[in-house]
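Visitor: These protein sequence lines map, in sequence, to chains A and B. Each residue of the first sequence is one higher than the one before, counting from 1 in the working numbering. Each residue of the second sequence is one higher than the one before, counting from 1 in the working numbering.
Take these hints with a grain of salt, some might be off.
[Stated by the list, open to error] Computed spacing ranges between beta-carbons, pair by pair:
| # | chain 1 | residue 1 | chain 2 | residue 2 | range |
| --- | --- | --- | --- | --- | --- |
| 1 | B | 778 | A | 102 | 37 to 45 angstroms |
| 2 | A | 207 | B | 737 | 27 to 35 angstroms |
| 3 | B | 489 | A | 248 | 24 to 32 angstroms |
| 4 | A | 106 | B | 736 | 47 to 55 angstroms |
| 5 | B | 738 | A | 128 | 21 to 29 angstroms |
| 6 | A | 165 | B | 737 | 50 to 58 angstroms |
| 7 | B | 740 | A | 6 | 53 to 61 angstroms |
| 8 | A | 136 | B | 613 | 41 to 49 angstroms |
| 9 | B | 374 | A | 35 | 29 to 37 angstroms |
| 10 | A | 248 | B | 740 | 31 to 39 angstroms |
| 11 | A | 120 | B | 350 | 37 to 45 angstroms |
| 12 | B | 321 | A | 140 | 31 to 39 angstroms |
| 13 | A | 124 | B | 689 | 41 to 49 angstroms |
| 14 | B | 342 | A | 136 | 53 to 61 angstroms |
By construction, these hints were calculated from the structure, which means they are not laboratory data. Treat the numbers as computed from the prediction; the structure is a model and nothing was measured. Backbone N, C-alpha and C define an ideal beta-carbon position, used for all residues, glycine too.
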Amino acid sequence: MAQLLYITPGAAIAVAALGAIYALGARRAGRALGRDRKIMFGWAMVALLLALGPMDAIGVGHRFFLVHMIEHFTLTLIVPPLLILATPDWMLRPWMLSRPLRPVLALLTKPLVAFLFFTLLFVGAHDPLILDAACHREALRIPIHLLFIVAGLVMWWPVMSPLPEFPPLSYPHQILYVFLLLIPMTAVAAPITLAHQVLYTWYMPAPHPLGLTPMEDQVLGGLFMWIVDGLFLMCVFSAIFFRWSQQEEGSQPGPGAPRRAQLRAVPTPHARV
Amino acid sequence: MAAQPKAIPAEYPSYLKGDPISWLNTIDHKRVGVLYGVSALFFMMLGGIEALLIRIQLFEPNNTFLSAHVYNQVFTMHGTTMIFLVVMPLLLGFAANFLVPLQIGARDVAFPRLNALSFWIFLSGAVFLHMGWFWHHGGLPDAGWFGYANLTERQYTPGMAIDFWDIGLLILGVSTVMTGLNFFTTIVTMRAPGMTYMRMPMFVWSILVTSILILLAFPPLTVGLIFLFMDRFFGTHYYQAVAGATPILWQHLFWLFGHPEVYIMALPAFGMISEIIPTFSRKPLFGYPMMAYSLILIAFLSYGVWGHHMFATGMGPVADATFAITSMLIAIPTGIKIFSWIATVWGGSLKMTTAFYFALGFIVEFTIGGLSGIMHAAVPIDLQQTDSYFVVAHFHYVLFGGVMFAILGAFYYWWPKVTGRMLSEKLGKVQFWLTVIGFNGTFFPMHFLGTWGMPRRIYTYGSGMGWTFWNQFETVSAFILGFAFLLMFINMLRSLRDGEIAPADPWDARTLEWSIPSPPPAFNFVTVPSVSGRDAFWARKYGTGSHGAAAVASAGDPPNGEAEAIHMPEPSFFPIVLAAGLLLCGLGVVVAWWRLIMAGGVILFLSIIGMAFQYPTFGQHTHETEAASGGGGEDLRKVGLWAFIGSESVFFATLIATFMVYKSRSMGGPGADVLEIPLTSFSTFILLMSSLLMVLALAATQRGDKTWQRVWLAGTVLFGLIFLGDQAYEFTSLYHHGLGFTTDLFSQCFFTLVGFHGFHVFIGVVWLSVLLVVSFMDRLPKSRALSVELAGLYWHFVDIVWVVIFTLVYLMQKVKGA
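Based on the sequences and whatever the hints tell you, model everything.
Guide: Shown next, in the form of structure tokens:
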């Protein structure tokens, strides 16, 4: 149980550094962050601490593959969107538009580049060779996990960008983008779930914390990635869709139909116009 | 070959007018649609006769009406015909082709010639499937419409039938992907001004989602069929356990296509019902956003459920559970649709026409099919039902009770628009009741028979099984059903001969196609309508009162003489010639007659070149659609190319995934050890540099700098050629090191993947060479920079694929080997 409270120095440093940057950014701009953003940031930090601390300790240290996959899920799909939500455009603008960074970011935030960047990193990091190496050496694992957050930020940018200078995609394109993200997710998750042998040598030497066999653990991990990541993406594009449809409904001229009008038929007319 | 602008004639002749020859070179979307429709009706008769043959054979126990061998052919062709040659061409080829441009207020589809090409390729594929008939060793395909490996391998099914099936489906797949690409681009770029996505008719929504499904779902089938082709012709072992491969791979590939395919057939049917029900209930569609959303949700989920066709293959309890959960989830969006339709009918002032009858019948019958579908999602039940008649009952309730009822409803609904004549409502209602009786009588007892253990695909059964009565009942019902279809044909012929002349808007309908005459003129709309709400035509007729949205569209018929000049693209004979070349080529492959392959290849090549130079871009700039583009503002060729690249990505992803799975199962052979990293690194560098040159070529074109445009284009071509030369050298050297194409599982996957990429580079080189020629002809000025940009997009895509291949196939293998 003590593992649940385990905070690695790396995680603590990451959180402290991010928090300092966040506070300093707000101070320098001299503007108030607002309660909602602070809460978002707080949640992002909690998720980050949990992921890099206890999840990493259990998932890698105690060889619990499922938890390692939950850690990846948190780092790519939970922390980055929270961070983007927590950060106002005025905080990002000065440094994102600065001289050396702007061209790089302009390229990275292009949807296609963002998609490929995330896909390659996500697929590559789950290759047995690399994942095993990362489990063996913390010096490799920490950069990969931090890179996951960066890749997540890049990947979510076309959907959530607060900066008009690097604008988000239009709603229908956002839906298509999230839809296509399913392909790399499935391409990683399906082979792990359906594999007939243990793919990652790191997870071979049981004892497993819950007494699962390495094979069962691997299937659960693959399944988590497949189902939960998939459902998560589904929820995201559902949210986008309804925001889109509301926006378009609102843009229709006229007073707007009362809900009940949909239940009433139009009587047969006497004359056609 | 540029189209001449022509003034609008004082009276608009219907699109049907014209001499018979003009049907062969037509590129009018309505005519192409009618061609699809007529062919599909012919194949519907064929498939129907096959169905009746099946029922006659099963009428009594130990029947000898058909031999087992013939029975296999009949049920295989019944399935293949009904899915690929009847339902898909009717929904996409006919209905979508005819209706989508009319409903979005466009004058044609985005790529009219590609559309005609789709049809002719479809027809040659359909003919190809049946060609085995004419050969002594042929016969029709007999391995089931799903063609499970390894039954389809040469040693288990010799003869040409499976070759015809394999290549025929490949040809049909090409046609379908082109259609999907065309509709996707049409809907994205060519909507009338003001028609946002949320104002599109629901049928257009369904075709948009279906097009995306087609683009992403057909590549796995193509890859599976290519593997089968290689197994049968080149002696590879993609589906044979002897080499370490697994026949289950076919099932994964086939159902990864096959389940989205179910929705490719069902979604347009949903769209049709969503048009018919509001019209005859005289109410707007209930829950429009939810209806659109559920279409997307179904499409999203359909990629995660293919395994429920494979519960019996032993995937293990966890994978089974996964697929069970995802499959059950699909019931949610489908339920949304059912309830929304019911809510649309509720409280409406109903006009009980034949079309509406069929739409209501659809709701009932499809719901029954959906319920038995949920039963299949439960693994323990499914294991009992697999390969029994219960499954046959289920998918006929979905495909006939669902899709076919929708098609019949749509047939009665849109027939006046297509032909300008009314059908007999009286005869239609007789047909409806006979269809309901015949359909339920044929397929409902199959639930019982399946539960009692009668397996599918058996050609006869013993008399002591207790299955005789219901089989006889089904056969009688099937003939009632056949008679109902006969009534439909009679109704059609009577209507064509002396049916009542149809007004423009016989049903008092809601969407734009009813605002123009029946049958429509060749250019559809005299002035492109502008739209400011849903149900644009309804709003124009009744003003704002209907559902709150003030939707007033522009007048449909301005006085003669005031109209703008309408540019329509020129007809072309190239599509039909190209399709004939493809047919000859395929035939030559199957009968192993090289001269025929050569002849077909020459025709194919010449007609492609002919088409490329006929394209108005290189002539006068007259594509009529420019005026009508109210959609995204993106150029339609760019959107089309992106859609193509999306589809190609799935193709390569499937090849790469197969490589990754199979490389570790490879037995014997030198494997990855003989790959040469230094040489390939050089190739990679060359290809990346060529991408850079391509960027420079585009920049030069955009500047209008002819000299550098030619230099950079020539450089890109040269680097592409160096890459191909390297690859040829590499393949030869690998061969000398003992790594032949069929040496082991690794080598066959390697050569297929890398070879297909090389083929794409070759296509790119040809494309760029054509541009270079055009540039030397001084016909590639600044204003045509888009042509260079498109070639560049394709070229960069091919490069990115290479980077992935280089990393996964070369570098990773070496690292692992070390």
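Visitor: State for each hint whether it applies.
Guide: Here is how each hint holds up against the structure:
1. B:778 - A:102: 37 to 45 angstroms: holds (39 angstroms)
2. A:207 - B:737: 27 to 35 angstroms: Given a distance of about 46 angstroms, which is not inside 27 to 35 angstroms, the answer is violated.
3. B:489 - A:248: 24 to 32 angstroms: Given range 24 to 32 angstroms: violated, Cβ gap about 43 angstroms.
4. A:106 - B:736: 47 to 55 angstroms: holds (48 angstroms)
5. B:738 - A:128: 21 to 29 angstroms: holds (28 angstroms)
6. A:165 - B:737: 50 to 58 angstroms: For residue 165 of chain A and residue 737 of chain B the Cβ distance comes to about 54 angstroms; the hint holds.
7. B:740 - A:6: 53 to 61 angstroms: The hinted range 53 to 61 angstroms holds for residue 740 of chain B and residue 6 of chain A, with Cβ atoms some 55 angstroms apart.
8. A:136 - B:613: 41 to 49 angstroms: 60 angstroms Cβ-Cβ, so the 41 to 49 angstroms window is violated.
9. B:374 - A:35: 29 to 37 angstroms: violated (45 angstroms)
10. A:248 - B:740: 31 to 39 angstroms: Since the Cβ atoms of residue 248 of chain A and residue 740 of chain B sit about 59 angstroms apart, the hinted range of 31 to 39 angstroms is violated.
11. A:120 - B:350: 37 to 45 angstroms: This hint is violated: roughly 56 angstroms between Cβ atoms.
12. B:321 - A:140: 31 to 39 angstroms: holds (34 angstroms)
13. A:124 - B:689: 41 to 49 angstroms: violated (24 angstroms)
14. B:342 - A:136: 53 to 61 angstroms: Holds, since residue 342 of chain B and residue 136 of chain A (Cβ atoms, about 59 angstroms apart) stay within the stated range.
When each numbered hint is compared with the structure, violations occur for hints 2, 3, 8, 9, 10, 11, 13.
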